[in-house]
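Number of protein chains: 2
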Amino acid sequence: MHEFQLIKKYFSNLSKNNKSSLNLNDDVFFDKSKNLVVSVDTYIEGVHFINFKKPELVIKKIIRSSISDLICKGVDPKYYFISASGNKKTFSSSNLEKISNSLKDEQRKFNIILCGGDTVLSNKLSFTVTSIGFSKNIIFRNNAKINDDIYVTGNLGDSYVGLKVLKKQININQKLNKFFVNKYFKPDLNLKLAKKLINFANTSIDVSDGLITDLDKLINKQKLTYKLSLINIPISANLKKLLISKKLDKIKYVSQGDDYQILFTANKFKSSIINKTAKSLGIKISKIGIICSNNEKSEVTDQKGNKISLKNMGYYHKF
Amino acid sequence: MHEFQLIKKYFSNLSKNNKSSLNLNDDVFFDKSKNLVVSVDTYIEGVHFINFKKPELVIKKIIRSSISDLICKGVDPKYYFISASGNKKTFSSSNLEKISNSLKDEQRKFNIILCGGDTVLSNKLSFTVTSIGFSKNIIFRNNAKINDDIYVTGNLGDSYVGLKVLKKQININQKLNKFFVNKYFKPDLNLKLAKKLINFANTSIDVSDGLITDLDKLINKQKLTYKLSLINIPISANLKKLLISKKLDKIKYVSQGDDYQILFTANKFKSSIINKTAKSLGIKISKIGIICSNNEKSEVTDQKGNKISLKNMGYYHKF
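Read top to bottom, the protein sequences are chains A and B. To convert, note that position 193 of the first sequence is 192 in numbering that gives the first Met the number 0; the numbers rise steadily by one, no gaps. To convert, note that position 181 of the second sequence is 180 in numbering that gives the first Met the number 0; the numbers rise steadily by one, no gaps.
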C-alpha cells in the first residue's frame, strides 16, 4: 500500500472536521485563522540519507528538505524543531559541533531559528524536523486548471547523480563528483520565490519523490492529466554532458527525486509575469508541459513526439 | 553528558536571539506574538515503551505524554502531528485500525485534532509527536519564589508499578496488575486544570522523568533549594497497600517518572484558591514541600524528620 493510500484509509477521518489539515492530503498543515503553516518530516539513515559520515551535510539536506515544503507553498519558514535519535557516536562532541555549525549556516541562509526538539538514544539514526511559518494564504495541491502551463524551477537530476556518486554506482571525475554530491546534500531552495509564487501559481509541490510521482501527487484528487515534453525538462550543463558522454536516458535521471525544486501550474496569461519574476530574482523557471482534461492520457513525449514509458518512475514509501 | 547539558553546550546559541525558544531550556516553545505553543517529543521502542504488542495503548501513552507538556504549562493542546517509523508489521492493517481507533478516543477525550505527520519504513520503531496549542500566556520554568509551596496533582508511582508489572519484575494479582498497567499506559491528565493553573502557579513542569529529577529541572537556573516531605507525596490506596504488604521503599516508587502529573509552586496565599479549584474540578492537588533559599540544602525528609538519600533518582538521557 502506498503511503498516501494508507493515510487516506486509516487517518483521514481523524481530521475530517478540520479544514486546516487539508484531509492530510497536502505536504503542510494550514490554519488560516492563525496564519499558521506546519510541516513534519522524518529522515532515516539508510532510507533518506546513506550514512552519517558527513553530519554537517546530512543536517543541511534534512533542514532544506523540511523547509522546502513551506517554500513551495509560498510560505517563508520561520521556526524549526529537530528531534534526533542516535547512538553515542552520533552525538559525539565532534559531530555535535559540526551539526551546530551547519545549522548556524542554514539559519543565516534561510532566516530560520531553532526552537526546540528532542534528543534520544537509539541504535537507529533518525531525525524528525518540524518546520513552521506564518502566512495569510498558501498554494494548495489539487488546484490545477485545464490548459494550465506546468513549470519547474532550477534543474532536475543533479541530486540523483550525486546519490549515485555517493553509492559508488557512477564515477566521473573529482570536480564533477563534487558538483553532483553538493547538489544532493545542498539543494538550491528558492526562498525569494516563495512570496512571489502565490501571485501566479494555481497549485504547487516540491519535487522530493520525483518529477512524475510529484506531478501525480499534485493533481491526485483532480480528474486531470498532463503532457510533459522531455526536452523542456531543465538539466544542468554538467548533467547534459554526462548524459551524452555516457549515453544515459534523460527521463531516468530527471524523475528520481531529491531535487527540492518547485513544480507548479499557472494560467497561460501568467507566463510573462513568471518570466519577469525569474529574471528579477535571477532564477531559472522552465515551462515543461501542460495540464489536460481527463479525455486525454498523461504522457511524456520525446523530441520526436514519441511517448516515453513511465513505469517505475520516482519514489513511493510502500507498506 | 546529560541531555540538557548537551543542548546548552551546542544548541542554545542557535536560538539566543529568539526569546520564544526560552533558550531551549523549557519543555515547550512559546511565541507570545502569535500566541503559539509547541512541543516536540520522540518515543522509541525499548526506551520510552517496552514493545508494540498493544499498539492502542502505546499510542495513548505517547499522545498523553506529548500534550502533557502543554497542559502543565497552562495551555490547552489543539493540534497534533505524528511521525511514525516502523516496519511492515508495525503498519499492518490490524495495527493501523487499532491506532486509528485509539487516536479517535484520545481526540474526543482531550479535544485535539490530528493535523499531519509522516510514515516511514524502518527496522526501528519510533514516534515523534508535535503538539500545538494557542495561549496568551504560559507558565515558565525557573520562576519559583523563596517560600513558595510545592504542589503535585494526582498520585505518583502507579505508572512505575505498571511498568514493573509489564516487565514481569512484580506480580500482584490480575485486578491490581491491570490497575497499575492502565496507569502506565493511560496517565490521568488534568486538562481542566490547564486554564486555571495560570491563575496561581509561579512555575510548573510535568512529572515525566521523576519527581526529584523534574523538580531539579524546574528550578535548575535558579539559586534555590527545596524541602519535600515524603509522607505528603500522594500515592493511590492501591500503591499504599502494595508498599506495606511487600515492605517497599516509598521514595523509590514515587520518583521514577512516567506519572505525567503536574508539579508546580505557588505563593502561600494561594493555598485557599488551589484547594477550591481542586474541589470544584474534582481532582487531587497535594502540598508536598517548600522552596527554600540557597543557604539551605535540598532534601526529602521522612515522617521522623530524617533525611532520605536521593542518589540515582529518576531518569536522565545520558550521552
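The hints are simulated quantities; they were obtained by calculation from the structure and are not laboratory data. One should not assume that every hint holds.
Because identical chains cannot be distinguished in the list, a pair is counted as satisfied if it fits within a single copy or across any two copies.
Said to hold, decoys possible - Straight-line Cα separation of at most 30 Å, DSS-like style, residue types lysine-lysine; simulated pairs: (1) Lys286 <-> Lys88; (2) Lys31 <-> Lys87; (3) Lys174 <-> Lys306; (4) Lys220 <-> Lys239; (5) Lys52 <-> Lys220; (6) Lys8 <-> Lys88; (7) Lys88 <-> Lys220; (8) Lys135 <-> Lys53; (9) Lys144 <-> Lys177; (10) Lys108 <-> Lys8; (11) Lys267 <-> Lys88; (12) Lys97 <-> Lys174; (13) Lys31 <-> Lys135; (14) Lys53 <-> Lys310; (15) Lys53 <-> Lys267; (16) Lys275 <-> Lys194; (17) Lys8 <-> Lys53; (18) Lys8 <-> Lys286; (19) Lys97 <-> Lys8; (20) Lys245 <-> Lys33; (21) Lys103 <-> Lys53; (22) Lys195 <-> Lys163.
(message) Checking an output row: Lys135 and Lys53, CA cutoff 30 Å. Within, between, both or neither?
(response) neither (38 Å within a copy, 42 Å between copies)
(request) Could you place Lys174 and Lys306 in one of the four classes (within, between, both, neither) given a Cα distance threshold of 30 Å? (result) neither (35 Å within a copy, 68 Å between copies)
(message) With identical chains, the pair Lys275 and Lys194 could be close in the same copy or across copies; at 30 Å between alpha carbons, which is it: within, between, both, or neither?
(response) Intra 15 Å, inter 52 Å, cutoff 30 Å: intra-copy only.
(request) Using 30 Å as the alpha carbon limit, work out where Lys8 and Lys286 are close: within a copy, between copies, both or neither. (result) neither (35 Å within a copy, 48 Å between copies)
(request) Give the relationship of Lys103 and Lys53 under a CA distance limit of 30 Å: within one copy only, between copies only, both, or neither. (result) within (16 Å within a copy, 41 Å between copies)
(request) If the cutoff is 30 Å on CA atoms, where do Lys97 and Lys174 land: within, between, both or neither? Let me know, please. (result) within (24 Å within a copy, 52 Å between copies)
(request) Could you figure out if Lys31 and Lys135 sit no more than 30 Å apart (CA to CA) within one copy, between two copies, both or neither? (result) both (6 Å within a copy, 18 Å between copies)
(request) Tell me, please, which holds for Lys144 and Lys177 at an alpha-carbon limit of 30 Å: within, between, both or neither? (result) Intra 40 Å, inter 57 Å, cutoff 30 Å: neither.
(message) I want to check one pair: Lys88 and Lys220. Are their C-alpha atoms no more than 30 Å apart within a copy, between two copies, both, or neither?
(response) between (45 Å within a copy, 29 Å between copies)
(message) Regarding Lys267 and Lys88, is the shortest C-alpha distance of 30 Å or less found within a copy, between copies, in both, or in neither?
(response) neither (54 Å within a copy, 48 Å between copies)
(request) Could you figure out if Lys195 and Lys163 sit no more than 30 Å apart (CA to CA) within one copy, between two copies, both or neither? (result) neither (34 Å within a copy, 57 Å between copies)
(message) At most 30 Å between alpha carbons: which applies to Lys220 and Lys239, within, between, both or neither?
(response) Intra 34 Å, inter 58 Å, cutoff 30 Å: neither.
The structure fails hints 1, 2, 3, 4, 5, 8, 9, 11, 14, 15, 18, 20 and 22 (numbered hints given earlier, in ascending order).
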